[in-house]
Amino acid sequence: MIDFSIILAGFGGQGILSAGKFAAEAALYEGKEVSWFPSYGPEMRGGTANCSVVISDEPIGSPVVNDADVVICCNQPSMEKFEASIKPGGYLIVDTGMIKIKATRTDINVIELDASGIADEFGAMAYGPISMLGCLSKATGCFSRESFEKSLYEVLPERRHKMIPGNLAAFDKGAAAV
Amino acid sequence: MAQKRLLMKGNEVIAEAAIRAGCRNYFGYPITPQTEVMHYMAKKMVQIGGNFVQAESELAAINMVYGAASAGFRAMTSSSSPGISLKQEGISYIAGAELPAVVVNIVRAGPGLGGILPAQGDYFQATKGGGHGDYRNIVIAPASVQELYELTVEAFNLADKYRNLVMILGDGTLGQMMEPVAFRDEEPIVTYEKPWATNGRGYNDDGSYKREHNTITSIYIDPDVLEVKNNELQAKYELIRQNEVRYEAIGLEDAEIVITAFSTCSRISRNVIRQAAELGIKVGMIRPITLWPFPTQAIADAAAMPNVKAFLDVELNAGQMIEDVKLAVNGAKPVYFHGRLGGNLPTQKEILDKIVAIHEGGKV
Chain A
1 MIDFSIILAG
11 FGGQGILSAG
21 KFAAEAALYE
31 GKEVSWFPSY
41 GPEMRGGTAN
51 CSVVISDEPI
61 GSPVVNDADV
71 VICCNQPSME
81 KFEASIKPGG
91 YLIVDTGMIK
101 IKATRTDINV
111 IELDASGIAD
121 EFGAMAYGPI
131 SMLGCLSKAT
141 GCFSRESFEK
151 SLYEVLPERR
161 HKMIPGNLAA
171 FDKGAAAV
Chain B
1 MAQKRLLMKG
11 NEVIAEAAIR
21 AGCRNYFGYP
31 ITPQTEVMHY
41 MAKKMVQIGG
51 NFVQAESELA
61 AINMVYGAAS
71 AGFRAMTSSS
81 SPGISLKQEG
91 ISYIAGAELP
101 AVVVNIVRAG
111 PGLGGILPAQ
121 GDYFQATKGG
131 GHGDYRNIVI
141 APASVQELYE
151 LTVEAFNLAD
161 KYRNLVMILG
171 DGTLGQMMEP
181 VAFRDEEPIV
191 TYEKPWATNG
201 RGYNDDGSYK
211 REHNTITSIY
221 IDPDVLEVKN
231 NELQAKYELI
241 RQNEVRYEAI
251 GLEDAEIVIT
261 AFSTCSRISR
271 NVIRQAAELG
281 IKVGMIRPIT
291 LWPFPTQAIA
301 DAAAMPNVKA
311 FLDVELNAGQ
321 MIEDVKLAVN
331 GAKPVYFHGR
341 LGGNLPTQKE
351 ILDKIVAIHE
361 GGKV
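Sequence order for the protein chains is A and B.
Going left to right, the first sequence walks through residues 1 to 178 as the numbering used here numbers them.
Going left to right, the second sequence walks through residues 1 to 364 as the numbering used here numbers them.
Hints should not be assumed to be uniformly reliable.
Derived CB-CB ranges, DEER-like [claimed, not checked]:
| no. | chain 1 | residue 1 | chain 2 | residue 2 | range |
| --- | --- | --- | --- | --- | --- |
| 1 | A | G47 | B | L239 | 38 to 44 Å |
| 2 | B | V46 | A | K100 | 46 to 52 Å |
| 3 | A | G123 | B | E278 | 48 to 54 Å |
| 4 | B | G133 | A | S144 | 54 to 60 Å |
| 5 | A | G123 | B | P30 | 31 to 37 Å |
| 6 | A | E121 | B | L279 | 24 to 30 Å |
| 7 | A | M163 | B | N199 | 31 to 37 Å |
| 8 | B | K4 | A | S144 | 14 to 20 Å |
Calculated directly from the structure, the hints in this document are not laboratory data.
Here a beta-carbon is modelled for each residue, glycine too, at the ideal position from N, C-alpha and C.
Between the sequences and the hints, there should be enough to build the whole structure, so can you do that?
So, in structure tokens, the structure goes:
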């Protein structure tokens with residue numbers, strides 16, 4: 001795997017940047033080279049937020065992703081911005097609870113998931129992007145469920161470890177949709 | 001023994017490295033994209049009994065570094081481009097007073113307030129002076145989060161060794177990105193005696209002072225005295241030139257085209273080398289790790305190799321390091337350029353296209 005690149009995009013506060021960290025941490029656990037890069041441009045709370053994650057067997061060149069293997073979109077502005085950034089044959093993972101438009105590209109794989117519905121069901125917004133990581137893992141194999149579980153323990157502070165079963169359940173629901 | 005790899009942000013790793021290197025004095029003022037250095041210091045210095053001051057301005061922060069360094073302590077400040085411009089007066093004074101200090105510049109796009117995204121437009125400022133007078137800073141350009149750690153520790157050793165300011169020149173990419181870092185169990189801290197420090201004269205039993213008082217100054221009104229002082233500085237800089245040049249050379253032995261790039265651009269170029277090889281084009285790279293002292297000889301040697309036909313310099317500016325590359329190549333081979341401005345990064349494809357164009361006819 002060389003420079004497998006993922007863009008995660010949505011609203012600020014939706015848990016996008018954290019989901020990216022879980023993905024990077026999971027791949028790190030598998031011995032990969034990883035990078036995580038936030039959009040730190042002129043953006044604000046409630047505005048759009050995105051981050052790039054690169055996973056590779058080789059040292060990573062640019063952590064900034066222009067052509068992504070996978071784009072995870074958690075709101076409509078993100079889809080409008082990043083659908084064009086997917087490599088042919090790549091994946092677009094769409095939160096259909098938030099995004100009412102359809103993907104226009106025919107040369108990519110589109111995975112639709114009501115991630116915000118899953119978030120509502122589990123009672124916190126952050127479970128939405130987590131369920132989409134389940135799609136990512138199942139569809140591309142860029143990291144395993146076991147590594148994701150490990151990353152939860154690495155990233156979440158101990159007082160939040162009670163949330164791990166919920167995160168895993170959301171992840172499994174996403175994986176089951178693929 | 002190497003510890004396990006942790007996923008950390010570049011800016012936080014700089015702060016952690018400084019603390020591991022024995023720095024207990026940090027003075028700063030917030031500015032994107034380096035503010036996480038401050039955040040980390042604010043949290044950690046309290047826990048370990050160090051000094052953290054959010055100064056009232058960049059000017060104050062650099063002069064607090066001057067004070068702490070005068071007293072013999074390891075001290076650091078960090079900022080990003082506009083803030084580093086404000087610190088230049090203090091940097092010149094630190095050079096004049098020969099104080100060891102570490103200054104971190106996580107460069108953003110300029111000029112003026114510019115933008116907050118990554119750039120390398122401060123190369124001239126960092127390596128050619130920035131402040132007034134004939135002086136040199138040691139300038140180190142890490143290319144990964146792991147190097148931010150190792151080279152920040154090294155920066156404190158070099159500062160003490162030469163009583164000189166060492167600048168870590170990063171950019172917004174390095175500062176903001178998370179990458180794995182493995183910390184060592186023990187840091188290779190070199191302790192230098194500082195008999196010049198203004199840290200108290202002490203008393204003998206009879207009430208007399210133990211020694212004459214030390215003076216830290218950069219003012220020498222007598223031109224002959226100042227000329228001697230300047231010659232001493234220049235002799236020191238020559239010693240640094242001889243001893244401290246660091247660079248990485250990749251694939252020069254059969255390279256047709258040699259890329260020169262530092263930090264973020266060297267990372268992207270490393271992947272281009274692999275892509276070019278798939279097209280049958282042999283590309284090598286010289287990556288300066290110290291921007292001053294510059295690896296002039298290494299580049300001159302590469303320019304003299306018969307297999308090397310051309311150089312391609314890649315930077316996040318309009319062409320700054322390329323002037324040093326051209327001085328080293330000294331007309332022996334053509335030197336081409338690819339740069340991006342405003343906070344944008346070059347893509348691998350852009351650089352590869354340039355390589356192909358050079359390879360096909362030397363015209364770009």
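Hints versus structure:
no.	hint	verdict
1	A:G47 <-> B:L239: 38 to 44 Å	52 Å, violated
2	B:V46 <-> A:K100: 46 to 52 Å	49 Å, holds
3	A:G123 <-> B:E278: 48 to 54 Å	50 Å, holds
4	B:G133 <-> A:S144: 54 to 60 Å	59 Å, holds
5	A:G123 <-> B:P30: 31 to 37 Å	36 Å, holds
6	A:E121 <-> B:L279: 24 to 30 Å	51 Å, violated
7	A:M163 <-> B:N199: 31 to 37 Å	51 Å, violated
8	B:K4 <-> A:S144: 14 to 20 Å	19 Å, holds
Hint check: violations occur at hints 1, 6, 7; the rest are consistent with the structure.
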